[in-house]
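**Student:** Line by line, the protein sequences give chains A and B.
Position one of the first sequence corresponds to residue 31 (my numbering), numbered consecutively onward.
Position one of the second sequence corresponds to residue 31 (my numbering), numbered consecutively onward.
Treat each hint with caution, since some may be false.
Pairs count within a copy or across copies, as identical chains cannot be separated in the list.
[Claimed, not checked] When the alpha-carbon atoms are kept at most 16 Å apart in a straight line, the in silico EDC-like pairs for lysine to aspartate or glutamate are as follows:
#1 456 <-> 232
#2 656 <-> 628
#3 52 <-> 413
#4 39 <-> 94
#5 656 <-> 33
#6 690 <-> 481
#7 471 <-> 310
#8 365 <-> 586
#9 117 <-> 250
#10 596 <-> 522
#11 471 <-> 347
#12 236 <-> 450
Worth flagging that the hints you see were computed from the coordinates, not collected in a lab.
Given next are the chains, with one letter for each unit.
There are 2 protein chains.
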Amino acid sequence: MLEAFFKPKGVAIIGASRDPHKLGYGVVRNLTEFRYKGPVYPVNASASEILGLTCYPSVSQVPDPVDLAIIVVPAPNVVEMVDLCGKRGIKYVIVTSGGFGETGEEGKARERLLKLTADKHSIRLIGPNCIGSIDTHTPLNTTFVMGMPIPGDIGFTSQSGAMVAAVIDWARGAGIGFSRIVSLGNQVDVTEREMIASMVNDPHTKVITAYVEGVSNGREFMAIAEEAARKKPLIVLKGGTGEGGAKAVASHTGSLAGSADAYRAAFHRSGILTATTMEELFDWARALAWQPLPKGNRIAVLTNAGGPAILAVDALEASGLKLAPLTEATRAHLKPRIPAAGSVNNPVDVLAGSGPATYALALDTLLSDPTVDAAIVIQAPQDWFLPESLAEVIGEVAANHKKPVLAAIMGMASVQKALEILHRKKVPNFAFPERMASTLKAMLNRYHWLESQRESHISLSGIDHLEAQSAIYHQDFVRLMEAYGIRFPAFELAQTAKMAAAKASQIGYPVVMKLISPDFTHKSDVGGVLLNLKTQDDVLQGFDAIMNMAKMIRSDARIEGVLIQKMMPKGHEILVGLKQDAQFGPLIVVGTGGVEVELVRDVAMGIAPLSHQQATELLGRTIAGKRLNGWRSIPPGDWNAVTDAVVRLSQIGADFPEIKELEINPLLVLDPGNGAFALDVRGVI
Amino acid sequence: MLEAFFKPKGVAIIGASRDPHKLGYGVVRNLTEFRYKGPVYPVNASASEILGLTCYPSVSQVPDPVDLAIIVVPAPNVVEMVDLCGKRGIKYVIVTSGGFGETGEEGKARERLLKLTADKHSIRLIGPNCIGSIDTHTPLNTTFVMGMPIPGDIGFTSQSGAMVAAVIDWARGAGIGFSRIVSLGNQVDVTEREMIASMVNDPHTKVITAYVEGVSNGREFMAIAEEAARKKPLIVLKGGTGEGGAKAVASHTGSLAGSADAYRAAFHRSGILTATTMEELFDWARALAWQPLPKGNRIAVLTNAGGPAILAVDALEASGLKLAPLTEATRAHLKPRIPAAGSVNNPVDVLAGSGPATYALALDTLLSDPTVDAAIVIQAPQDWFLPESLAEVIGEVAANHKKPVLAAIMGMASVQKALEILHRKKVPNFAFPERMASTLKAMLNRYHWLESQRESHISLSGIDHLEAQSAIYHQDFVRLMEAYGIRFPAFELAQTAKMAAAKASQIGYPVVMKLISPDFTHKSDVGGVLLNLKTQDDVLQGFDAIMNMAKMIRSDARIEGVLIQKMMPKGHEILVGLKQDAQFGPLIVVGTGGVEVELVRDVAMGIAPLSHQQATELLGRTIAGKRLNGWRSIPPGDWNAVTDAVVRLSQIGADFPEIKELEINPLLVLDPGNGAFALDVRGVI
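Extracted from the complex, chain A is given alone in its bound form:
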């Protein structure tokens, strides 16, 4: 559907120029210099030809075939030109010109008009304020940026034109190939979502990369990303991860879960690999485009020197990867084939004197070993043989196996030819071996995500939707949760000390008393919670103490009463929270509960709704989860009861987008089989 932006039948450049310092010249130059094979029509009323091409006074006069126009005229004239394109029957337009939404109110109004004009003619529009599109295989280059990367397998879409310009220049210097590159600008029409979806259908694009600053529709973005990630690796570098100052929030969950966390959780769930730097983005992209995925975390290291292998192993271990143990058979096979002073244990060291044949034999043996999930091959510079010979054998052996192979033919000055061979043979190379670890980890993450897509989901039972609706209406979060099957200890509300004592003896001692007031969100900070009250006297005095405290701190506090609750046995205290993220909807936070939540920050986050498996995975990432499994003298807790509560809270989040924040803190988790009880609940609608 967006194919004409990359494979047009003919291209008009509205605002083409003969002045080499103008963008309108650069676009014509790039279209011709990079050998676009279709007709190119410069449109300029005051020139007869540009770069040897016939000029047209208006787009109306451009002959067939033409289906794509690049507009590089000043902002005030853009809308008119789009209108003329529409009348001429051109359905695809790239507006390079700036001066729209990015410049203020006037620009925003102009941008709305631009959108309306495009819609009127059913024109698909990229931009405004963008750099344009590149397809190295067509070939097509509608940008004004000097140079074009070599053809390759990486598709790159960017919300920042500057990043596109930088990537083009860097890719040319580093010899990294791309399939498509597109700068989306202000995204008045074509968005990053649609562009990602379109790259799935481009046969030359083996991996999709994106620089994203924000997404316009979080849930739709997730759906499209997930769909894309099922078919091709999708790697995103997210700009703007800082939180930029604290906001006023009502619950721990609110203060823990910033928008950057929501992005991380959403990306994780959608199968997006999140890179942290541009270098990482393209390190991962090359490996994912070229090599199969590892099926586990056991890595074989093949080297001709100790130092670089040590650095590689350090980096692997820091990324949670392991050295493959290797079988006895592998060691026995290697023994006579490498120098006696070498090592047949992982890392396998063939020493400086060994040639490419020894590397070939050793690599083949390692890739045949069932304990090896992936291999990395290191060559420190040596004078015994040409590095290009090693590049040849690495590529050849790797192609014979179905496991990923990464190379570190180290150095820069003497290895250019070797790198070209490796690139041709689709083995990514790294100047120093440390960066390989994050790449292998990303590949493994993708493998695990694809595997997780096969998990079955079961639906929840015991949910009373009508009751929940009514509870929402009354802003009664306890009733809401009970309607969703989340359990609470027995409790009663009392407005007088006498009533409190009566309720307490009804519930049975010992009891807990809590102030119920919309004006105190963190009750335990202000003495609003009394524990382990054992007698009627305790309750009578406690009631008065709580009331006095509340009035002392805030004389106009609205007080609904004091909650009398059964004092529960000791157990694990977990926080289970829900926060509505503006972009991605309900975000679930799980971790260590209590008053120290923000201090300890032992939490993991996911996007609702969660399956039991997803809740288990989330909880497993936290120390709270490890503790819940039993740790030393700490007895285990009822894990299933926790994940059940997490799943049910996440379902509330999915069903009621009007809930802004909802939090159980703590969720008291008793011994296995004895369940988990929400002790305190806070919420904001």
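Assemble the complex: chain A is given as a structure, and chain B must be docked to it using the hints.
**Tutor:** Below, chain B alone, put in the same frame as chain A:
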């Protein structure tokens, strides 16, 4: 003292060869090709000349001047050659040949003989099994490795020859200059310590970098590193940071503090900046060699595009750096000097159309702003002006100020000339802005370390050394700590239930009872601790319960008795531990105490002895420290009592190297002014 390795009067190559495939040829080639100006004497009995140089049949016949010999003969002949060198009066020898300690027992014996032979003649020796030395300013290249980096300011010493070869090749490709490069090999004589110390005295070396796999004398290494770091930045990449499997340990401290932690703590204390990758090592080195240190963490970002600035800000914030707020005067000055649509807030965006003059004005304004500690300048590729013009103005403005400036003239293909200019003007450049943050952080860390060197130290009072000696002799850790002024709650030991009850009433109820047995290290795991015993009956029953438990679990357990201790009020529970590291001596561990120590891993580590300031800094890095300052409803604890205990335990570690592990867990910390008490102590001598 080691200067002759870099500035010899004349060089003999023993084992020089005419075969271009032999190392003995490569060394002669590098000496001549890279224009060493002194005489070069190839030594080879069967050749008359090599590469046009007169050959000598033996080193004995080499004429004056000669003070350095490179030995590249097979291992069995090396010792004889060193002996001949000694007789000839050559006092500096590099043994390139391998076949020594790295190859097994025979090689180890040969290495010992080599050392004895060198010592006999007072020869200083680098190697064996090394690559040699480079001084780009002399110039001198005694290696056989192809190529040599351009002259520069970075000194690099490496325990891995392969890393040297890789760095040379990479530095040539990347255009990074070095002053000296040296491969130390098996370090039979000259060690990394001496080499680091010698680089301090080389005027061309502005920053010292090292690849280190292990150090042979930790405390001496620390002393030399600290001495060097006071004068020049010292950056180390440590290979082998993984722990490689758990070991049997007696205390939490033992299991928490691995050797990698000891390295980290020792490096931190000695002012070493620890890089995690080779790229980081040289990113930092360039910046530290060329730019002044920032005096704070407030960074100004100057850019011509949003995307890269966003990535820079993300990386800065992730590294704990901040955007400088900028003064009103700065904004007012910038306003008329940058395009109206640009931004005068940090990041300052001059937009794509601005030229080098605008950059110059803006950078000068930012560096003049008192709220700015450092500036980074970003240029996304553009077609308006030459990137080399920007390089010129960045260098010129930066030189006029005393604040660090880093550049990201982005891309690769079109910016080579700009990079050369920046390098000449001593402004480090980064292809993408994300890597700048770790560099600025490293610079700031160095600033803080240099500042911390000015702190005054006060000596400890109230230590009874005689009593401590006696306690050590009796392995009585409680007495030892009391002799060092660490406080304990009142306690008594009882061997019978009746005695326990008597002691309890003497101490006063409620009490705590603990099993005292060398066979149970983690008492609370096995029911060996009873809390809050309020009556004589509780104590009588408790005693029997503990004894029964101990005998049930291990019938032959050695039981010294049961400790009766005053039950203390609630407070913070801190772990303070000491572990003797094989390399760096006593390592101090501080953090959250209790039974969950290994699970939560909230600890910081330092090398003993610690000052109060160092103890405060250590504690401040942990959540336990933040909690100790008071957090929400958690009251603050007696901070000074904790740091006092930490300092005193660290002094024990410094005074008694025979203590392998010693741990207080928990140290109970009461309200400010009320002190801290060691509740449980474990130790191994």
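**Student:** Now look at each hint and say whether the structure bears it out.
**Tutor:** Here is how each hint holds up against the structure:
Taking the shortest Cα distances, residue 456 and residue 232 never come within 16 Å of each other, neither inside one copy (19 Å) nor across copies (45 Å). In the homo-oligomer, the alpha carbons of residue 656 and residue 628 lie at most 16 Å apart only across protomers (11 Å), although the nearest pairing inside one protomer, at 19 Å, exceeds that limit. Only between protomers do residue 52 and residue 413 lie at most 16 Å apart by alpha-carbon distance; the minimum there is 9 Å, versus 50 Å within a single protomer. Within a single copy, residue 39 and residue 94 get their C-alpha atoms as close as 9 Å, which meets the 16 Å cut-off; across copies the closest is 79 Å, which misses it.
With identical chains, the CA atoms of residue 656 and residue 33 are never at most 16 Å apart, being 50 Å at best within one copy and 57 Å at best between copies. Taking the shortest alpha-carbon separations for residue 690 and residue 481, neither the intra-copy value of 32 Å nor the inter-copy value of 47 Å comes in at or below 16 Å. Taking CA atoms no more than 16 Å apart as the test, residue 471 paired with residue 310 passes inside one copy only; the shortest distance there is 11 Å, against 20 Å between copies. Proximity of residue 365 to residue 586 under the C-alpha cut-off of 16 Å is found in neither arrangement, the shortest distances being 83 Å within a copy and 49 Å between copies.
With identical chains, the CA atoms of residue 117 and residue 250 are never at most 16 Å apart, being 32 Å at best within one copy and 82 Å at best between copies. In this assembly of identical chains, the alpha carbons of residue 596 and residue 522 lie at most 16 Å apart only when taken from the same copy (9 Å versus 40 Å across copies). Within a single copy, residue 471 and residue 347 get their C-alpha atoms as close as 10 Å, which meets the 16 Å cut-off; across copies the closest is 24 Å, which misses it. Taking the closest pair of Cα atoms, residue 236 and residue 450 never come within 16 Å of each other, the shortest separation being 19 Å inside a single copy and 36 Å across copies.
The structure fails to meet hints 1, 5, 6, 8, 9 and 12 from the earlier list, while all remaining hints are met.
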